[in-house]
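Engineer: From first to last, the protein sequence lines stand for chains S and A. Residues in the first sequence are numbered consecutively from 5, following the numbering used here. Residues in the second sequence are numbered consecutively from 342, following the numbering used here.
Take these hints with a grain of salt, some might be off.
Stated by the list, open to error - Pairwise CB distance ranges, derived in the manner of DEER restraints: (1) A/Thr-454 x S/Ser-110: 36 to 46 Å; (2) A/Gln-401 x S/Ser-110: 38 to 48 Å; (3) A/Thr-423 x S/Lys-59: 22 to 32 Å; (4) S/Leu-53 x A/Leu-415: 23 to 33 Å; (5) S/Ala-81 x A/Glu-393: 25 to 35 Å; (6) A/Gly-394 x S/Arg-17: 48 to 58 Å; (7) A/Gly-394 x S/Ala-81: 43 to 53 Å.
In case anyone wonders, no lab produced these hints; they're calculated from the structure. For each residue, glycine too, the CB sits at the ideal point set by N, CA and C.
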Amino acid sequence: QQPVQSPQAVILREGEDAVINCSSSKALYSVHWYRQKHGEAPVFLMILLKGGEQKGHEKISASFNEKKQQSSLYLTASQLSYSGTYFCGTGGQNTGNQFYFGTGTSLTVIP
Amino acid sequence: GAVVSQHPSWVICKSGTSVKIECRSLDFQATTMFWYRQFPKQSLMLMATSNEGSKATYEQGVEKDKFLINHASLTLSTLTVTSAHPEDSSFYICSARDNVGYGYTFGSGTRLTVV
Numbered sequence: 005q006q007p008v009q010s011p012q013a014v015i016l017r018e019g020e021d022a023v024i025n026c027s028s029s030k031a032l033y034s035v036h037w038y039r040q041k042h043g044e045a046p047v048f049l050m051i052l053l054k055g056g057e058q059k060g061h062e063k064i065s066a067s068f069n070e071k072k073q074q075s076s077l078y079l080t081a082s083q084l085s086y087s088g089t090y091f092c093g094t095g096g097q098n099t100g101n102q103f104y105f106g107t108g109t110s111l112t113v114i115p
Numbered sequence: 342g343a344v345v346s347q348h349p350s351w352v353i354c355k356s357g358t359s360v361k362i363e364c365r366s367l368d369f370q371a372t373t374m375f376w377y378r379q380f381p382k383q384s385l386m387l388m389a390t391s392n393e394g395s396k397a398t399y400e401q402g403v404e405k406d407k408f409l410i411n412h413a414s415l416t417l418s419t420l421t422v423t424s425a426h427p428e429d430s431s432f433y434i435c436s437a438r439d440n441v442g443y444g445y446t447f448g449s450g451t452r453l454t455v456v
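Turn these sequences into a full structure, and let the hints guide you.
Structural biologist: Okay, here's the thing in structure tokens:
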């Protein structure tokens with residue numbers, strides 16, 4: 005039931021863009037995105053509920069495909085503060101209300 | 342917004358002793374809470390679902406006799422790591438379904454070190 009993320013790790017220079025993907029073999033009720041800094045709790049970024057949905061703001065946005073099996077997180081003009089591990093996750097009706105995190109993507113932004 | 346308070350934030354204990362971690366929902370009632378464990382450089386893995394007034398349900402491979410969960414009230418769930426060993430050293434985090442906004446609120450986590 006754990007969503008699979010790609011890539012596992014990515015290194016960017018400040019100002020570059022990145023895309024993180026999250027895939028499931030089954031349609032997801034919802035997809036959530038979190039960022040975790042080392043030694044800290046994950047911080048909520050956004051949730052997508054509808055197939056075909058896109059949301060976010062100029063720098064960080066996400067999409068959810070029509071079949072609700074794939075989501076992508078878009079980081080634009082990355083900043084040093086974007087460094088961390090990004091997790092997608094899913095919860096709700098299709099998981100018995102349990103919430104499962106994806107495999108994670110380590111993102112490092114260098115000057 | 343919904344807040345989940347988790348204590349302690351870190352604990353060091355001797356091998357063979359037991360450690361209790363508390364998770365409280367501060368401004369909402371949580372009939373269901375979830376416990377996760379995270380090893381270094383790995384994802385957060387769901388250990389168990391805590392249900393108020395009934396037994397917890399454990400994910401496959403999690404020892405229920407080792408990780409005791411009690412959901413005594415609508416605002417409190419506790420995880421007790423019994424007879425802790427160094428391999429139990431990990432980051433433990435709880436969450437609750439709050440039905441507000443995005444639906445899941447996470448505690449700040451507990452770093453457990455068993456020496």
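Engineer: Between the beta carbons of A/Thr-454 and S/Ser-110, is the distance compatible with 36 to 46 Å?
Structural biologist: violated (23 Å)
Engineer: Could one say that the CB atoms of A/Gly-394 and S/Ala-81 fall in the range 43 to 53 Å?
Structural biologist: holds (50 Å)
Engineer: Does the Cβ pair S/Ala-81, A/Glu-393 satisfy 25 to 35 Å?
Structural biologist: violated (45 Å)
Engineer: Given a hinted range of 23 to 33 Å, is it respected by the beta-carbon distance of S/Leu-53 and A/Leu-415?
Structural biologist: holds (26 Å)
Engineer: Can you let me know if the beta-carbon spacing of A/Gly-394 and S/Arg-17 is within 48 to 58 Å?
Structural biologist: holds (53 Å)
Engineer: Mind checking the hinted window 22 to 32 Å against the Cβ distance between A/Thr-423 and S/Lys-59?
Structural biologist: Once the Cβ atoms are compared, 43 Å apart, the range 22 to 32 Å for S/Lys-59 and A/Thr-423 is violated.
Engineer: Taking 38 to 48 Å as the hint, is the beta-carbon distance of A/Gln-401 and S/Ser-110 inside that range?
Structural biologist: violated (26 Å)
The structure is inconsistent with the numbered hints 1, 2, 3, 5, although it conforms to all the rest.
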